[in-house]
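If you're matching them up, the sequences are chains A and B in order.
Those letters in the first sequence? Residues 1 to 476, per full-length UniProt numbering, in order.
Those letters in the second sequence? Residues 1 to 631, per full-length UniProt numbering, in order.
Simulated from the structure, these hints should not be mistaken for lab results.
The beta carbon of each residue, even a glycine, is placed where N, CA and C say it ideally should be.
Among the clues, some could well be false.
Said to hold, decoys possible - In silico lysine-lysine, DSSO-like type, Cα no more than 27 Å apart, as pairs:
1) B:K583 with A:K228
2) B:K49 with A:K466
3) A:K66 with A:K466
Said to hold, decoys possible - Listed below are several chain A residues computed to face chain B (Cβ distance under 10 Å; list not exhaustive):
4) E177
5) D232
6) S247
7) L259
8) L427
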Amino acid sequence: MKRRDFLQSASAATLAALAAGSPSALARSSARRETPNFRRGPSTADRVIVLWMAGGMAHTETFDPKAYTPYETGLDPNRVLSTFPSIPTAVDGIRFSEGLEQIAAIMDRGTVCNTYTAGDLGFILHSRHQFHWHTGYAPPQTVAAPHIGAWIAKTLGPLNPDMPAFIDIGQKFSVGEAEELKAFHTAGFLGAEHGPFMIPDPADAVSAIRPPGGMSTKRFQRRNELFKRLADASPIGQHGSEYQRESLMRSMDSAHRLLTSPAATAFDLSLEPRATYDAYNTGKFGLGCLLARRLCESGARFIEVTTEYEPFKRFDTHEDGHSRMGELKELIDAPIARLILDLEERDLLDRTLVVLASEFSRDMVTEGKPGKKVRDQVNVPKEMTEPKHYGMHRHFTDAGSLLLFGGGIGRGVKFGTTADERPCKTLDRPVRIEDLHATIYHALGIPPDHGYVTESRPFYVTKDGKGTPILDLFPA
Amino acid sequence: MLLLVSAAGASPLADPPNSQVSASTIHWDRVHPILAARCFECHAGEQRKGGFSLGTRDGLMRGGASGAAVVEGDAATSHLIELVTSDDPFEQMPPEGPRLTEDEVDSLRRWIDAGAPWGVTGLEDSMYLAALALHPVDRPEGAENPIDAHLQAELAEIEAGPALTDTEFARRIHLDLIGLLPTPDQLRRFLADESPDKRTELIDALLADDLGRAEHWMSFWNDLLRNDFQGTGYIDGGRLQITGWLFDALLHNQPYDAFVRELVAPTVDGSRGFIQGIVWRGDNAVVQQAPMQAAIHVSQVFLGINLKCAACHDSFVNDWSLAQTFALANCFSDEPLSLTRCDTDLGVPAEYGFLWPSLGEVDGAAPREERMAQIASFVTSTDNGYFARTIVNRLWALFMGRGLVEPLDEIERRPWHPELLDDLSAAFIESGYDLRWLMRTIVTSRAYQSPSVEAASSNEFAFEGPGVRRLTAEEFYDAVGNLTGVWQVNPRFDLPEGAASEPRVRAWRVPLDPLSRALGRTAREQVTTRRETAGTTMQALELANGGTLDAHLRRSAETLRAGWAGSATELIDELFLRALQRKPTPAEQQVALELLVGESPDDGKEASVSQEGLEDLLWSLCMLPEFQLIR
Numbered sequence: 001m002k003r004r005d006f007l008q009s010a011s012a013a014t015l016a017a018l019a020a021g022s023p024s025a026l027a028r029s030s031a032r033r034e035t036p037n038f039r040r041g042p043s044t045a046d047r048v049i050v051l052w053m054a055g056g057m058a059h060t061e062t063f064d065p066k067a068y069t070p071y072e073t074g075l076d077p078n079r080v081l082s083t084f085p086s087i088p089t090a091v092d093g094i095r096f097s098e099g100l101e102q103i104a105a106i107m108d109r110g111t112v113c114n115t116y117t118a119g120d121l122g123f124i125l126h127s128r129h130q131f132h133w134h135t136g137y138a139p140p141q142t143v144a145a146p147h148i149g150a151w152i153a154k155t156l157g158p159l160n161p162d163m164p165a166f167i168d169i170g171q172k173f174s175v176g177e178a179e180e181l182k183a184f185h186t187a188g189f190l191g192a193e194h195g196p197f198m199i200p201d202p203a204d205a206v207s208a209i210r211p212p213g214g215m216s217t218k219r220f221q222r223r224n225e226l227f228k229r230l231a232d233a234s235p236i237g238q239h240g241s242e243y244q245r246e247s248l249m250r251s252m253d254s255a256h257r258l259l260t261s262p263a264a265t266a267f268d269l270s271l272e273p274r275a276t277y278d279a280y281n282t283g284k285f286g287l288g289c290l291l292a293r294r295l296c297e298s299g300a301r302f303i304e305v306t307t308e309y310e311p312f313k314r315f316d317t318h319e320d321g322h323s324r325m326g327e328l329k330e331l332i333d334a335p336i337a338r339l340i341l342d343l344e345e346r347d348l349l350d351r352t353l354v355v356l357a358s359e360f361s362r363d364m365v366t367e368g369k370p371g372k373k374v375r376d377q378v379n380v381p382k383e384m385t386e387p388k389h390y391g392m393h394r395h396f397t398d399a400g401s402l403l404l405f406g407g408g409i410g411r412g413v414k415f416g417t418t419a420d421e422r423p424c425k426t427l428d429r430p431v432r433i434e435d436l437h438a439t440i441y442h443a444l445g446i447p448p449d450h451g452y453v454t455e456s457r458p459f460y461v462t463k464d465g466k467g468t469p470i471l472d473l474f475p476a
Numbered sequence: 001m002l003l004l005v006s007a008a009g010a011s012p013l014a015d016p017p018n019s020q021v022s023a024s025t026i027h028w029d030r031v032h033p034i035l036a037a038r039c040f041e042c043h044a045g046e047q048r049k050g051g052f053s054l055g056t057r058d059g060l061m062r063g064g065a066s067g068a069a070v071v072e073g074d075a076a077t078s079h080l081i082e083l084v085t086s087d088d089p090f091e092q093m094p095p096e097g098p099r100l101t102e103d104e105v106d107s108l109r110r111w112i113d114a115g116a117p118w119g120v121t122g123l124e125d126s127m128y129l130a131a132l133a134l135h136p137v138d139r140p141e142g143a144e145n146p147i148d149a150h151l152q153a154e155l156a157e158i159e160a161g162p163a164l165t166d167t168e169f170a171r172r173i174h175l176d177l178i179g180l181l182p183t184p185d186q187l188r189r190f191l192a193d194e195s196p197d198k199r200t201e202l203i204d205a206l207l208a209d210d211l212g213r214a215e216h217w218m219s220f221w222n223d224l225l226r227n228d229f230q231g232t233g234y235i236d237g238g239r240l241q242i243t244g245w246l247f248d249a250l251l252h253n254q255p256y257d258a259f260v261r262e263l264v265a266p267t268v269d270g271s272r273g274f275i276q277g278i279v280w281r282g283d284n285a286v287v288q289q290a291p292m293q294a295a296i297h298v299s300q301v302f303l304g305i306n307l308k309c310a311a312c313h314d315s316f317v318n319d320w321s322l323a324q325t326f327a328l329a330n331c332f333s334d335e336p337l338s339l340t341r342c343d344t345d346l347g348v349p350a351e352y353g354f355l356w357p358s359l360g361e362v363d364g365a366a367p368r369e370e371r372m373a374q375i376a377s378f379v380t381s382t383d384n385g386y387f388a389r390t391i392v393n394r395l396w397a398l399f400m401g402r403g404l405v406e407p408l409d410e411i412e413r414r415p416w417h418p419e420l421l422d423d424l425s426a427a428f429i430e431s432g433y434d435l436r437w438l439m440r441t442i443v444t445s446r447a448y449q450s451p452s453v454e455a456a457s458s459n460e461f462a463f464e465g466p467g468v469r470r471l472t473a474e475e476f477y478d479a480v481g482n483l484t485g486v487w488q489v490n491p492r493f494d495l496p497e498g499a500a501s502e503p504r505v506r507a508w509r510v511p512l513d514p515l516s517r518a519l520g521r522t523a524r525e526q527v528t529t530r531r532e533t534a535g536t537t538m539q540a541l542e543l544a545n546g547g548t549l550d551a552h553l554r555r556s557a558e559t560l561r562a563g564w565a566g567s568a569t570e571l572i573d574e575l576f577l578r579a580l581q582r583k584p585t586p587a588e589q590q591v592a593l594e595l596l597v598g599e600s601p602d603d604g605k606e607a608s609v610s611q612e613g614l615e616d617l618l619w620s621l622c623m624l625p626e627f628q629l630i631r
């Protein structure tokens, strides 16, 4: 027998929803089967900002500096662990790589963890690891796995009903591996309503809430008013209420409300004082951080800002790693520090969990995990003959940097240890994606085995419901 | 399954029981209150003392820190019984409160001996399991159409009310069969026709439109077979399109059994993509690999069976086991598979076999192609009632809004009319698996030609007419084409020679875009058997504010204006006819005029149509629920 034990704990309403094909919350337990609706547990955060370092950010070049070896012609790559000297941070005993001075100065507000160990997915591929990071499930999946932002949007909804719950800033889909990127920028089986509101270019975020194609606001409003009059004049519409008709009209209304709501002004970066705008404006990512702050203030629930993935661009440093890393630090250092300080100043940091992450790290010599044979994708010469060889070019999955701020996370903490000699791998407290997700959910008051039923089977916020929150990240 | 198998000692590949099981319900009714009252406080939901949760059967079987809690079918060696009967105060469960009574312990014992079934309380239908074979059905006399024959009582009630008008019928049948709106000319001719058989004649004319039918049904099959122009896997050859093969099969109304055989065991390259699945570079768990994808998709798409759970462990939501699923997957595999439970290799070689061994055995020693051909013959066997039922149910659901069985991918459940489903399935087999026959039989029924009703929301389903449905993304785009005369651009599929006279680029031929995605078209990374149809804010944002529709309507308005010689009011009449199959009321005419030419003009005949005004009128028409819904 053993049929359908998940249905047993579901109410008639849930069954009706199942029959209609929509995912429904799993009852937390049979004991509480009368209340299948999700009940939020104790929480330390109300919203999440993910700062995504797309393309594989080397921990040894950013938040976990190792011995520095300057470039010289003929240098043996095995001798190089970091290509920058280290600098002190606001916290004794925590050092960063040179070029991250501003984030270093606010390290007393958060936790650095360099023991993120990426999934063991064989051939090291950016989009596949990014899918894994963002959904907690390795592709391909027979069920469309939702992005973590969609899980959160579905479970908690927006903080302000006029604001999309899940906003994704900075990623275009006109790049290589676009289909693979699209595959996880989705609410999957949770339904499009919970999917990302995409803002590919934060400088132009305002266009997302402006009438299309240069239409004046006046015309836009008039069009909507006349449309409503037309709908009301319909002889069909006069035959009383009808569910589907109502639902279409209601969705038009809520879209229109979003577009005209005061909250929508959050998308307009031109309303920001010039000095602040300039302080953030290190490029698209910097403006993305500014936009994230504004959206946070206006009630978004989950925001991701990416440096944008594009094969061989930005953190995907297959050559010239050192010089490009210098530029990337300029891109991220000021806006991230500023974002944390601004959130703090606005009393938002306490209840906002900010997570900086990347799909995996990099190393000059090791591809994948030490001791595991994976196909080498980067040609590193035996000795360096030109500066473009200098930098972390291989994909390393046995350690990686995370920064966590706010949302109940410990302040001025270093979590976990990595080796100081190659391979600079995780020595203790490894953080897997399931556990990182479980930690984020924990902060939000969502248990790791919260799930929804799709196709009569349960699907959980962490893989098989088995993620474990890392409670040590939260001070007692 | 677990109950019967462990009790009867049958092989893991035995046929599932084809009958209702009630013994387990009785066990559960006794056991559940005990668990709820004495165990759940510490061992359910977020409470997992000792790492043990019995809030779900999964948790129960997983056990806790002290090992397995239950040995299926053997209470005597089950740790749980040991604990509830223990005298040791440090060990006994529950740790507080009175000991379980002897009766309670006895119930637990008998429950575990019966395989610890996780039963349903008060939902007797959940134990229904459809038989493999179709039941012979005596069709009631009194109606020519087999559907109407079974629904005479329902029809008597429906037909006491108002009838579906010819205009409503024309709109619905055009959309349902070829996915387009009837043009004003087509509608005029149909309404003027005085033949008593004119509805059937229209149906036959539409069904004879091979190109229109094929273009419309491509979307349904692309969803089901997860075929698309783009998507993951194509980047490095890990995926193949079947578009050309599929289009040809639909164009020629290939018999459904032959069609499925070509998909399950391809003999030509064109249909290979479905069974090959999507292959990502890197290490993939067995459950993600092509043979398991094949097993899962063949079962889901063609047999209405969900093996997704059983690909990792014996299913908790139906009766399929890991061994059965692996036996099927093995048939599609070059290398023999080893049973793998939740990513752990059990070191047990998988067998070879189909879900119902009674249909025949698979020769594990035969080459892969031969094994696949054997599977294809079992899937499409006339003895396999699941095969016919599943497609009959899918088409029924498309035309009627709700399946005879719900959910569509759990065909083993109780239909709301078992005789109708099996009778129609048998007749479909008799037709030679002719999909056009099946469509015709459904849409010529009085049941289909009844006025629509709102989608049923309760479990207590009684047929009252087809459900109101929403235009799909492709239908919406094509209806906009019907309205404006401007169609899609840059198709990704060239129609075959002979069809080249078709100048309209219909929406199925262009890739997914933000608007079609918002309207429910999927990326087809997974099999889609039913789309989202609800109106959502995201979707409304895309409609009101997105660039896709805006650009299209701009282009449309330019073309329309350039080709329009009549007055503004005549244009409004024409657009209403194209969009809604009726003329505007005076009140609508006035609002439309205001949209079209600006502030309340005195005489629309003189007013000139502005580009912006026309864009806004087109947009408003497209947003009307009357436009987007099919009744």
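The hints, checked one at a time:
{"no.": "1", "hint": "B:K583 with A:K228", "in the structure": "19 Å, holds"}
{"no.": "2", "hint": "B:K49 with A:K466", "in the structure": "15 Å, holds"}
{"no.": "3", "hint": "A:K66 with A:K466", "in the structure": "34 Å, violated"}
{"no.": "4", "hint": "E177", "in the structure": "7 Å, holds"}
{"no.": "5", "hint": "D232", "in the structure": "9 Å, holds"}
{"no.": "6", "hint": "S247", "in the structure": "5 Å, holds"}
{"no.": "7", "hint": "L259", "in the structure": "6 Å, holds"}
{"no.": "8", "hint": "L427", "in the structure": "25 Å, violated"}
Taken one by one, the earlier hints fail for this structure at numbers 3, 8, listed in ascending order.
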